[in-house]
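In this note's numbering, the protein residues as written are 1 to 364.
FYI, nobody ran anything at the bench for these hints, they're computed from the structure.
Remember, it's a predicted structure, so these values are computed and weren't measured experimentally.
Be aware that a few hints might be false.
The list that follows gives simulated cross-link-like pairs (lysine-lysine, DSBU-like), each with its CA atoms no further than 30 Å apart [stated by the list, open to error]:
(1) 39 with 50
(2) 306 with 292
(3) 50 with 270
(4) 195 with 34
(5) 180 with 35
(6) 39 with 63
(7) 224 with 195
(8) 21 with 232
(9) 286 with 270
(10) 300 with 286
(11) 111 with 180
(12) 195 with 111
Derived Cβ-Cβ restraints for the label pairs, each shown as a range [as the list claims (entries may be wrong)]:
(13) 296 with 337: 20 to 28 Å
(14) 94 with 27: 45 to 53 Å
(15) 357 with 16: 28 to 36 Å
Each residue gets a CB set at the ideal place from its N, CA and C atoms; glycine is no exception.
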Amino acid sequence: MTPEQLKASILQYAMEGKLVKQDPNDEPASELLKKIEEKKSRLVKEGKIKKSRKLSAIPNDEKSFDIPNNWKWVRLGEIGIITSGGTPRKAETSYWEDADIPWITPAIMSKAQNNVFFDNDSVGKINQKGLNNSSAQLISANSIVVSSRAPIGYINIVPFDYTTNQGCKSISTFSEIDNKYIYYAIKFSVPDMYKRASGTTFKEISGTRFGETVIPLPPLEEQKRIVVKIEKLMPLVDEYAESYNRLQKIDNEFEDKLKQSVLQYAMEGKLVKQNPSDEPASELIKKIENEKAELVKEGKIKKSKKLPAITDDEKPFDIPDSWEWVRLGNIGDWGAGATPSRQHPEYYGGDVLLLHPAVYTDGQ
1 MTPEQLKASI
11 LQYAMEGKLV
21 KQDPNDEPAS
31 ELLKKIEEKK
41 SRLVKEGKIK
51 KSRKLSAIPN
61 DEKSFDIPNN
71 WKWVRLGEIG
81 IITSGGTPRK
91 AETSYWEDAD
101 IPWITPAIMS
111 KAQNNVFFDN
121 DSVGKINQKG
131 LNNSSAQLIS
141 ANSIVVSSRA
151 PIGYINIVPF
161 DYTTNQGCKS
171 ISTFSEIDNK
181 YIYYAIKFSV
191 PDMYKRASGT
201 TFKEISGTRF
211 GETVIPLPPL
221 EEQKRIVVKI
231 EKLMPLVDEY
241 AESYNRLQKI
251 DNEFEDKLKQ
261 SVLQYAMEGK
271 LVKQNPSDEP
281 ASELIKKIEN
291 EKAELVKEGK
301 IKKSKKLPAI
311 TDDEKPFDIP
321 DSWEWVRLGN
331 IGDWGAGATP
341 SRQHPEYYGG
351 DVLLLHPAVY
361 TDGQ
């Protein structure tokens, strides 16, 4: 099992409610959802958030597996505020001067995927004027940012107020939710997001479709226990990854060395036993010389120049007595190739096979 497969298995167990024990005293997720709905209604009434559109019920075919009875399947849009981003015009330098507002893009996120939390030192920056004159929005600290294209699925928790470009979507969860649990749940749900994405050149998931992404929601206390367990296991997976990668390197080197050893043994006459009844190579060479002389006489091949005798320093190892050292020119007819002029397309597309180095590279 690769380290990535092991991480995926841990998340799978976590999302199925199999990573930690359920506590019957935990307040069920259904009550948690009621509290969230009440809070959303209050915030809408106070004018602090806009009323969101009603999300469709989750059909059984979107529920990938069974979850404990005190859990609930939810859409991301039910448990937080979904926000998209934008880019101030690059040509307008006044949007970028003296910039102090963090601005995150998928390219910036790509360098932060070894960490859960985003580092303020690694983000881009825009200024207030750039924010005011673009579709970028200021997002509250501790929201979760997810790349929504090129590629889908980079994810971090951002511990400070920030903005993003249009290649990111963010979810600001309500206080009744453990943000780190949602981070891991979204990480697990990236394949679901790809299914909801559209596009031909590259896949992109819209804010609406991102909000429709389905995750399993445990009781709040169990969310916390799951996060603690995952964070105990992930360093062990990292240790496993180091050992796994070392072993893979050894395996690859062993395979290469084994191939070389097999060839070395074969060339030294040590791979199979010699049979004293075999006709010696010296007789084989005589037959080849006779055949070449006959072909020259018939005009089928040109007479080749006599090759120099093989010196002892050209013989890198001992070979069996029935073997012979030979030059390639002694045992075959050799020639060089050429490329027909590209200015004559009629030279190409026929039935004569043309070999070139790329053919051998692909076929090694």
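Each hint tested on the structure:
1. 39 with 50: holds, 13 Å
2. 306 with 292: With a Cα-Cα distance of about 12 Å, the restraint between residue 306 and residue 292 holds, given a limit of 30 Å.
3. 50 with 270: Roughly 81 Å separates the two Cα atoms, so the pair is violated.
4. 195 with 34: holds, 29 Å
5. 180 with 35: Distance of about 19 Å is within 30 Å: holds.
6. 39 with 63: holds, 26 Å
7. 224 with 195: holds, 29 Å
8. 21 with 232: holds, 16 Å
9. 286 with 270: holds, 25 Å
10. 300 with 286: holds, 19 Å
11. 111 with 180: Holds: residue 111 and residue 180 sit about 20 Å apart, inside 30 Å.
12. 195 with 111: holds, 25 Å
13. 296 with 337: 20 to 28 Å: Cβ of residue 296 to Cβ of residue 337: about 22 Å, so the range 20 to 28 Å holds.
14. 94 with 27: 45 to 53 Å: holds, 51 Å
15. 357 with 16: 28 to 36 Å: violated, 52 Å
This entry does not satisfy hints 3, 15, going by the numbered hints stated previously.
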